[in-house]
Amino acid sequence: MSVAQSPTTARAQEQRGTSTSAYALFFGTWQLATYYWIAVVLISAAVTVMINTWDEVGGSIADGILGSVPFFLAVMGVIMPLGALPLHVAGGGTRRSLFRGTVAATVALGVSMGLVGAFGMLVEYGVFAALDWPGTVEPAGLYDSSGDFFGIWLSWSLSGIGYFLGGAAVALGYYRWGPMLGTVVMLPIVALVIGGEIALGGGITSTDLGGLDGDSTLPAAASVALSLLASGGVALILHRTLRDLPLRANNST
Amino acid sequence: MTTPYGAELSDVTVRYGRGRDAALDGASFTVRPGTITGLLGRNGAGKSTALALLASFRRPTSGTVRVDGADPFENAAVMAGVQLVRESGDVVGDSPVNDTIGYYSGVRPLWDADYAKALLDQFGIDPRKTPDALSRGKQSALGCIIGLASRAPLTIFDESYLGMDAPSRYAFYDALLEDYTQHPRTIIVSSHLIDEVERLFEDVIVLHRGRTVVSETADALRDRAVSLVGPTSAVSKLADGRHTLATRSLGGTTQLTLEGALDPEDVARARDAGVEVGRVSVQDLFIHLTQEPETLKEDAR
Chain A
1 MSVAQSPTTA RAQEQRGTST SAYALFFGTW QLATYYWIAV VLISAAVTVM INTWDEVGGS
61 IADGILGSVP FFLAVMGVIM PLGALPLHVA GGGTRRSLFR GTVAATVALG VSMGLVGAFG
121 MLVEYGVFAA LDWPGTVEPA GLYDSSGDFF GIWLSWSLSG IGYFLGGAAV ALGYYRWGPM
181 LGTVVMLPIV ALVIGGEIAL GGGITSTDLG GLDGDSTLPA AASVALSLLA SGGVALILHR
241 TLRDLPLRAN NST
Chain B
1 MTTPYGAELS DVTVRYGRGR DAALDGASFT VRPGTITGLL GRNGAGKSTA LALLASFRRP
61 TSGTVRVDGA DPFENAAVMA GVQLVRESGD VVGDSPVNDT IGYYSGVRPL WDADYAKALL
121 DQFGIDPRKT PDALSRGKQS ALGCIIGLAS RAPLTIFDES YLGMDAPSRY AFYDALLEDY
181 TQHPRTIIVS SHLIDEVERL FEDVIVLHRG RTVVSETADA LRDRAVSLVG PTSAVSKLAD
241 GRHTLATRSL GGTTQLTLEG ALDPEDVARA RDAGVEVGRV SVQDLFIHLT QEPETLKEDA
301 R
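Protein chains in written order, with my numbering: chain A, 1 to 253; chain B, 1 to 301.
Chain A on its own, in the form it takes in the complex (with noise of 0.2 Å):
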């Protein structure tokens, strides 16, 4: 074994390449995610005044619109990592590194997204109780009102950890395996997706799902144990995709 080899080279480039991935993901889909966030905020607002202008305003406006950024991160999870694949291999970086680095981005990434969620609702809820109009919320297990700032930083922050690493699986499942058997992964995580969110409730599966996970009756914990029990098994398909996956000749991101 040479120097350059020594266990501690070894770890200092793990190091280098997980933080390097995940500041690479973590910052690059927040670029997009700012003129996400203005279209978001500029949408609720002028539905808010529409809504006002020729009805009346019944409930939060802004937790159905919100209601989209899971599907942002999962866009966001189908687009970043696999671009970020044959860069971190080509720059020595490992496929180990690139999980980490992609895991730790997802928890940042949700977290983050949750926050700004939770925050734009509490905002909501402050001008609605002002203009003394209802702040009803989509029923959730971790929530019930727009004022509810932990709750929903939570629920939303689970969610998008869910939808992001889902949609990086579902990516780099295509890539390695093709549309036949990519299609077949993608199954159990979509699977695995959607029963992270009727864990969660709220979200999508609030209107159409709601009444089959009784989330009058899931405790929080509980909601919150099934939710990271299925972005960890997410997570699994994800690692054992990328752990060994081949680049294909002459890949340009």
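FYI, nobody ran anything at the bench for these hints, they're computed from the structure.
Glycine is no exception: its CB is placed at the ideal position from the N, C-alpha and C atoms.
All the pointers check out, no bait thrown in.
To be clear about the criterion: a stretch of chain B counts as covered by chain A if any three or more of its residues have a C-beta under 8 Å from a C-beta of chain A, and this derived list gives those stretches:
id, region
1, 57-65
2, 74-82
3, 86-95
Since the structure of chain A is provided, determine the placement of chain B on it from the hints.
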């Protein structure tokens, strides 16, 4: 200080799918540490596949790959010392060049940021532009800059400068040699522009149909044949009984490429007969070594 990496492929086979021809079919070669090695081969010979194995882009179907004495695949310490620059460039196409440079500087332990900046200036690349917005030549130059600034103990250029115009290519060759002298490392250059780059090569590996045809020093390869140019009758007399690799005639003058070296007596006889004795270019030998039987038959007609 960089310690150059050696590399070795032993009986390596790579198949991209069941029923498909092997991209590498039992290929074996050694890259000596601290040399510039030319990896040559016709299209589909398996060059890019071999280089992808060295850079841990994939595993072989069978056989052994060693870089600095170890299996490079997912070996963090080894991968940190190997930089593969592909023709397409592994960059973030729709973000500023600065983002790509920033990523490499984050991952690469020996990255030289000042050198990268100087090269960007030299090749006229605006780091605020996206790689997708650059001309093909500048995209190629960006790849070459990444390879040079990586200071990786094993740096591989896989057809990475084909898009550059001639002045840019020669500027790259000069930069490569200068940096190689100042920061010795192992460099592998894969190229179809053999005439341009053969002056750089210390060792040459030739792949053909997934197998290794040549793996030796450039001088040993050049000594495999000799070129005779002169009056047709004198050249023919000298070639009598020897294996001729190639013949070109114009008027009364003929240029022959003969296999093997001439002994001093033959050299003296050649000079007396007005025949010029010279070395054969790597490109001419490469063409001979990788010529298909059908082409040889057509040449003979």
